[in-house]
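Same order as they appear, the protein sequences are chains S and Z. Residue numbers for the first sequence follow our numbering, beginning at 30 and rising by one. Residue numbers for the second sequence follow our numbering, beginning at 30 and rising by one.
Among the hints, a few may not be true.
[What the hints assert, rightly or not] Among chain Z residues calculated to face chain S with C-beta under 7 Å, some are:
#, residue
1, P129
2, P162
3, P163
4, H294
5, F306
No lab work stands behind these hints, which were simulated from the structure alone. Backbone N, C-alpha and C define an ideal beta-carbon position, used for all residues, glycine too.
Protein chains: 2
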Amino acid sequence: MARQTKLLILASDAEAYQQAIVEADLPGLTVAVSGAVDKESPALQGCDILLGSPDLLCQALPHARRLKWVQSTWAGITPLLAAGLRRDYLLTGIKEVFGPLMAEYVLCHLLTHERRFLQRYRSQQAGQWDESPPGTLRGKRLGIMGLGSIGREIARVVAGLGVRIVGFSRSQSSCPAIERCYLPAELFDFVRNLDYLVAVLPDTPATTGLIDAKVLSTMRNSAVLINVGRGNVLDEAALARALSEKKIGGAVLDVFAEEPLPASHPLWQTPNTILTFHTAAPSSAELIAPIFIDNYHRWLGGEELLNIVDFNRGY
Amino acid sequence: MARQTKLLILASDAEAYQQAIVEADLPGLTVAVSGAVDKESPALQGCDILLGSPDLLCQALPHARRLKWVQSTWAGITPLLAAGLRRDYLLTGIKEVFGPLMAEYVLCHLLTHERRFLQRYRSQQAGQWDESPPGTLRGKRLGIMGLGSIGREIARVVAGLGVRIVGFSRSQSSCPAIERCYLPAELFDFVRNLDYLVAVLPDTPATTGLIDAKVLSTMRNSAVLINVGRGNVLDEAALARALSEKKIGGAVLDVFAEEPLPASHPLWQTPNTILTFHTAAPSSAELIAPIFIDNYHRWLGGEELLNIVDFNRGY
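Build out the structure end to end from the sequences listed, making use of the hints.
Below you can see the structure in the form of structure tokens.
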């Protein structure tokens with residue numbers, strides 16, 4: 030009888046993953062779960078595959094002696110790229126699945142802005158009949174930074190409402206919904222005439238601090254920034270200043286340099302700012318387990334896995 | 030030289046219409062404007078065409094001796110259907126143009142509900158990091174009452190986000206985005222399993238009070254009602270009770286039996302209710318003037334006009 034392949038699930042919601050995977054009845058697989066890293070555990074030391082969240086995986090890596098493959102349950106795998114961590118295994122990430130939720134998030138905030146949702150809600154609270162006319166997305170200009178699967182899905186959905194879309198990417202990228210793709214050297218031209226700037230960039234050295242005081246001061250006074258990618262892309266102090274001085278019209282922030290956002294952080298009190306607490310597209314076992322299951326079948330069949338991460342690119 | 034055709038524009042924003050129409054340089058047309066009805070005015074008594082809002086038009090009708098055609102600037106032409114008013118002229122309305130704005134309105138309120146927008150906004154005000162997961166529109170079931178151009182445009186846009194759509198109409202109607210069309214006798218089957226019920230019905234005797242206590246009690250406890258058509262469709266007292274007793278999950282109301290909503294009306298204080306003050310799709314000269322201009326060209330050319338209202342059907 031062939032040796033069983035050993036999977037350890039390392040996540041705060043490990044049981045939900047376990048249930049989905051056991052139900053899939055994968056051949057030759059033994060499944061163990063843990064909600065925390067125990068470096069003495071035989072399940073960790075003897076596992077062939079790790080499935081879990083990068084915050085736990087990065088602590089587990091040194092102790093997994095037989096490790097061949099790691100499937101991350103998060104799109105953001107930055108903790109696994111830390112200097113000194115081993116890279117002698119196959120790392121697969123999560124792509125494609127967050128696009129629809131991210132598109133709903135972006136559309137929600139575009140529409141609440143155009144339709145003065147909060148202003149009208151406050152009028153209702155005050156008992157005032159508020160007929161101020163709404164805006165429309167039709168004909169507005171939206172720029173998307175980062176044209177991976179999430180950025181392209183946002184473009185597809187938002188273009189369906191008549192929004193004109195331009196993109197920004199480190200290399201030329203095309204997508205039917207995008208009128209033009211700007212390259213890094215064209216950043217200022219890219220942001221100059223936008224009504225909305227949506228950032229969905231991964232956390233890499235090249236993206237850190239990309240949206241700084243200079244970029245913000247190039248944007249229209251009425252423009253709204255939506256950051257739904259990673260917190261590193263944004264100079265938060267510069268943003269708080271730009272909003273307070275009305276150099277831009279508003280910001281919708283799902284991600285931050287430090288999460289949870291510290292109680293003393295100025296963004297809690299910055300005008301025209303909406304905070305959404307990293308809820309744009311939460312990982313859930315329902316969404317992610319099928320990716321592991323698909324990849325396990327590929328693994329068994331000797332096929333190339335989906336969503337392999339390039340350690341050098343960082344995504 | 031042929032006699033000039035005389036147009037009188039009767040609307041609170043008559044000048045905006047005048048500007049758009051004068052710019053179009055329509056052949057053989059003399060344009061007069063008024064913000065109110067003056068029954069002695071030669072411009073009214075001698076006009077061939079009236080363009081304006083039905084609240085003013087209905088007062089003007091008896092005095093326009095040469096009247097041949099009336100173009101309404103509102104979709105709701107109920108004031109022109111009052112008993113005793115003349116019907117010896119061609120009445121054209123507004124269709125098609127409100128669909129995109131109405132679709133943005135409906136989508137805005139679907140997404141704010143799924144994503145707990147107001148709950149999260151209150152968390153932000155309270156300085157609380159609120160990670161409660163959002164819902165998704167994908168797979169939700171939405172029913173549309175009224176499958177005219179607005180209902181069909183709402184269906185088209187919302188279906189693009191993976192929402193399953195059923196319709197309700199007085200006659201069989203088909204539309205690619207709609208899974209099934211229910212007829213009046215099937216009203217209770219129609220509403221039974223919906224996550225969202227969107228009403229975009231015209232104001233006619235057949236629609237008055239259609240959404241009553243019995244319909245509301247047939248809906249899911251979690252269902253949300255969105256009324257963006259006319260206020261007559263809804264038994265407002267029954268709705269306020271259903272919301273207070275949590276028989277349905279919420280309501281988003283743009284239109285009311287009496288507008289502005291009286292200060293003492295219970296809906297101001299009803300839980301899980303959003304009021305938007307008849308702003309879903311405001312008429313604007315920018316949106317409406319092109320319809321008159323198109324129809325005037327058809328009028329000159331002896332073609333059939335667009336959006337002719339059938340006085341008997343009422344739309």
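The hints, checked one at a time:
no., hint, in the structure
1, P129, "holds (6 Å)"
2, P162, "holds (5 Å)"
3, P163, "holds (6 Å)"
4, H294, "violated (10 Å)"
5, F306, "holds (5 Å)"
The structure shown violates just one earlier hint, number 4.
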